[in-house]
Amino acid sequence: MTITEEPQTGNREVGRDRRRKEDQRLITGRTRWTDNMQLPGMLHLTMVRSPFAHARITNLDTTEAKAAPGVIAVLTGADVTDLQGSLPNAWPVTPEQKAPPHPAIAVDRVAFSGEIVAVVIARSAAAGRDAAELVDVDYEELDAVTDLKAAAADEVLAHPDLGTNESALWVFDSVEAGTGEDVEAAIRDADVLVEREFRQQRLIPSFMEPRSVVVDPTGEQFVLWSSTQVPHILRLMLALTLGVSESKIRVIAPDVGGGFGGKLQVTPEEVITFLAARHTGKPCKWNETRSESLLSAHHGRDQWQKLTLAARADGTVTGLKVHLTANMGAYLGLVTSGVPILGAFMFNAIYKFPAYRFECQNVFTNMTWTDAYRGAGRPEATFAIERMMDELATELGRDPLEVREQNWIKHEEFPFTTVAGLEYDSGNYEAATARAKELFGYAELRAEQARRRESGDRVQLGIGVSTFTEMCGLAPSRVLGALSYGAGGWEHASVRMLPSGKVEVITGSSAHGQGHETAWSQIVADELGVPFEDIEVLHGDTQISHKGLDTYGSRSLVVGGQAVIAASRKVVEKARPLAAHALEAHEDDLEFSAGRFTVKGAGEGQEGVALTDLALRVFAAHDLPDGTEPGLDADATYDPVNFSYPHGTHLCAMEIDTETGESTMRSYVCVDDVGHVVNPLIVDGQIHGGLVQGIAQALWEEAVYDDQGTLITGSFVDYTLPTSADTISFVTDRTVTPSTTNDLGAKGVGEAGTIASTPAVVNAVLDALRPLGVTDIVMPCTPERVWNAIQGAAHQPLTESAAPHFEESAPNQDTPETEGGTL
Amino acid sequence: MIPAPFDYAAPTTVEEALTLLSEHGDDAKVLAGGQSLLPVLRMRLNAPELVVDISRIESLKGITDTGDAVRIGAATTYQEVLDSDLVREHLGLLHTAVEQIADPQIRHRGTVCGALAHADPAGDVGAPVLALDATMEVQSRGVVGPRQVSAADFFVDLFETAVGDGELLTAVTIPKHTGWGSHYEKFVRVSHQWAIIGIAAAVRAEGGVIAEARVGMTNMGAKPLRAPAVEQALAGQPATEEAISEICARAGEGTEPPSDLNGKADYRRHLAGVLTRRAVLAAAGA
Ligand SMILES: Cc1cc2nc3c(=O)[nH]c(=O)nc-3n(C[C@H](O)[C@H](O)[C@H](O)COP(=O)(O)OP(=O)(O)OC[C@H]3O[C@@H](n4cnc5c(N)ncnc54)[C@H](O)[C@@H]3O)c2cc1C
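Chain order of the listed sequences is A and E. Note that the first sequence covers residues 65 to 887 in my numbering. Note that the second sequence covers residues 60 to 345 in my numbering.
It should be emphasised that the hints constitute simulated quantities derived from the structure, not laboratory data. This one's a predicted model, so the numbers in the text were calculated from it and none came from an experiment. Watch out, some of these pointers could steer you wrong.
What the hints assert, rightly or not - Derived SDA-like pairs: lysine to any residue, alpha-carbon spacing no greater than 25 Å straight-line:
(1) E:Lys323 x A:Lys312
(2) A:Lys346 x E:Glu108
(3) E:Lys323 x A:Lys346
(4) E:Lys323 x A:Asp202
(5) E:Lys323 x A:Ala377
(6) A:Lys130 x A:Arg84
(7) A:Lys130 x E:Leu104
(8) E:Lys323 x A:Phe780
(9) E:Lys323 x A:Leu785
(10) A:Lys130 x E:Lys323
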């Protein structure tokens, strides 16, 4: 099917570009964020963090801090050794996986700068902050390893007790898996071999709302508010980590200001706030500063990628071999170890590679630990393979789109089982590419590029291609089981029919900016035939939404939305016998449409009975058929049968000022296929934001450490996050090839833009500069790196310090020993 | 981000302010717009005992015409500078540089004199002020009338100026450059960034020929720099790329710019050459 228009929507809510109902409160701030919580007698926490990347704690004196005004208690690792457990890693990727214990508060050794060594509990945040400076910590510095390749060489150990920096080696081989041929044979017999090494720099998720936690221990349960993506997972993990009954913990994720994977975590601070509340018997709050966030909230990406691509002279790819070295940082967080492995299934992308081998070596360093960041594993894979396809095209002297088309899965070949063992249900790469080329003016831009090359223009033009797909909608539970993940991938929903005819929808996925309330209302409005405005979507509180697996991996709509549909349909089925009773008809003779049951064949004029009327009848329960339960509410838990495979063709034109190395985006066109769309505005928003995040990896963002393991990019002065002023207007369009594995025919969209855009931009930068002999530029492609590449200089890694903008005459904080407080 | 405790005073006269400052010596800090001081305090890079807010001192407010020059009082914000017809007409270079500082919120609080006193080498006002031969008024307690310090002597080092402990920068006076073309070329990776380097150029052109030129450089050393050799060589040249390329290419020679995440010293020197040419051409209207 090749549809480039939206399906007819008629009166249907699904497909309408509804403004988001949650936006007014989110944008104006007239809502409750965790840091707005004020509870009677509430205490405030300040973390004391290690300034060293690797050190033994030889002495920790809290006497002075405890005596400071307003201080209630100071807890150290020693105080909570027996209570704090070890922070969870839910994804032991191999049975042999090595991991150090992960205390919330370090006990005798710190393994990255920013690790917590004590917490001050005080009557006010200011008193706590002052007292934090009085916590006296003596450190004996140990050798630190803060470079991924150096760590892989295993000379300096991040955790001496482990005896190695190697956490796990995870391998997929298409011969062993029975999904394809032998890659070594393909390499041996290749006409063309492309071997490259790419760097995935370290990134920082940079959500808008900093992390924040409040724990109230004063009722029968501990109530924990957290700015988290995963209230349900957090509740279970806290119970397991701390040995507290799960039924005694209620977790609430109120409105949450973004996450991008950065709040898919069970954090030391959540555990510590819990312990502090239990210790003092009072509500406790911790709210981070931006500097703390950049330093100690988990980071993303950070890999070296080695790839070998084998092809025949005609351009047909015969095999791909991938070796990753992935930086775990100092500890394994919730899914740290699994993130690079999610990429294993995506290096083959949209292509029909007959042979494939993937190896991933997970390595510890003395750096902030990494974990999920928008795309998690798939952006890394997509970047590498889309760079490789361009390299192959260059080797062959052919157009990069043409080489891709030669190798991609044809529309007629779906469903298609890939060499990585996944079954892609649907796709139409031809249609998306044709539309993108048309919108982009591909031929005209190529002609302009030729002219500029010819004339030796100071500003060169480059065209970058990225024909991506990704696997999302995490995830079929049996697949997660096969990958040793510690949980399933289902989602839960309930639909409650209120007597007044209003509807409450409870979803287990936990929105933190995505617009679930709007989209779910649209879906239920169509399913139940009730007005959009009459639907309230509730989420993010384990007492209201008792069951769920939260929001990440572009799963909410295709898994959680499907659960909402299933629950809605159960409501209709529950209502059917009541409708039959009311209409004095047989159930089989009823039709349900636009919120009403009517008798088939009884003609146009009949009134039938509305579902909302039945809700009132059920509430009264005066006249129900014998044996009927007085209730229409329904629950559904949906376990997806497959991943969802959005795809698209992204084309980017970059202008490079060869004198300064500055790159300017000229145009960006993307045609995405996310199947049927519930709300085009929300989809465009996801695409736009996603694109900027991916472009930012290509051009702007990088977390840089110095040799001592200090994060140099510790504020937004140096971690150069783009704003709208740095981007252009994107041209977005869609083709619609419905997914065959859910009722909506939808595919995930939350990560698509991020996954696709990074290689499109870097490919464009390189395409502009290839005639000058440039073959690679390490990300982010800063003006200096681009200029150096043009000069033919070696790419030297940046280990310079950040520029100072503030006088560091610090009378109260001049030695590292006293530099303990929050940053 | 909570600063260490400090006392706060908001005097209404320069005398009162000077009394407080001299009594507390280096334990006191002046607060103007707070756009650099507050981050310093909040990050606890500094913890003064007393903060003396000068924003309520009437005599420090405003922009005045002194005949040959324009005087900008210490409590004048960037936005007031941008809104001033005097500045627009006579100090085009300062105007275009201030337009490129940070964002509207910061420009409504931050002051030109606060930035000069702060002396961040990456700050955008130092180079234009230096290039336009400004004079700073520095007032000490008990002395009648301010010291006049030329911009060339004002900047001492990284974050260090001729303003001593207990002193106040009360105004900056900048000679009018009426009819000069000007351009400030700020090189950044993202729009809200401090200048990786910046080139401030003012040109008086007569019939397509550069009669006089002024060139100041931001972030090419520990303090704002001027390029006198380039200025002299430009005088008398036609305002064409051909004529001035070679002259401007030398702008970075002999400088010692910083090496940091945004660029090593040699890259900055290279940029100085390229951007000086561009700035001068733009200022000359070529
Ligand atoms: C997010 C952000 C982005 C920024 N981006 C830029 C940019 O792109 N370009 C740029 O140039 N700047 C930038 N700045 C800095 C900004 O320009 C500051 O406003 C300016 O540096 C200081 O002016 P102020 O009036 O706020 O001074 P304050 O912060 O009040 O004071 C700064 C320092 O000068 C001292 N001081 C102030 N006034 C006097 C006086 N009259 N006499 C003696 N000492 C005095 C203070 O004690 C303090 O040490 C940025 C600032 C922020 C927060």
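Against the structure, the hints come out as follows:
1. E:Lys323 x A:Lys312: violated, 56 Å
2. A:Lys346 x E:Glu108: Status violated; Cα separation ~33 Å.
3. E:Lys323 x A:Lys346: With Cα atoms ~52 Å apart, E:Lys323 and A:Lys346 exceed 25 Å; violated.
4. E:Lys323 x A:Asp202: violated, 36 Å
5. E:Lys323 x A:Ala377: violated, 43 Å
6. A:Lys130 x A:Arg84: Violated. A:Lys130 to A:Arg84 sits at ~48 Å, over the 25 Å cutoff.
7. A:Lys130 x E:Leu104: At roughly 24 Å apart (the allowed maximum being 25 Å), E:Leu104 and A:Lys130 satisfy the hint.
8. E:Lys323 x A:Phe780: holds, 20 Å
9. E:Lys323 x A:Leu785: Roughly 21 Å separates the two Cα atoms, so the pair holds.
10. A:Lys130 x E:Lys323: violated, 46 Å
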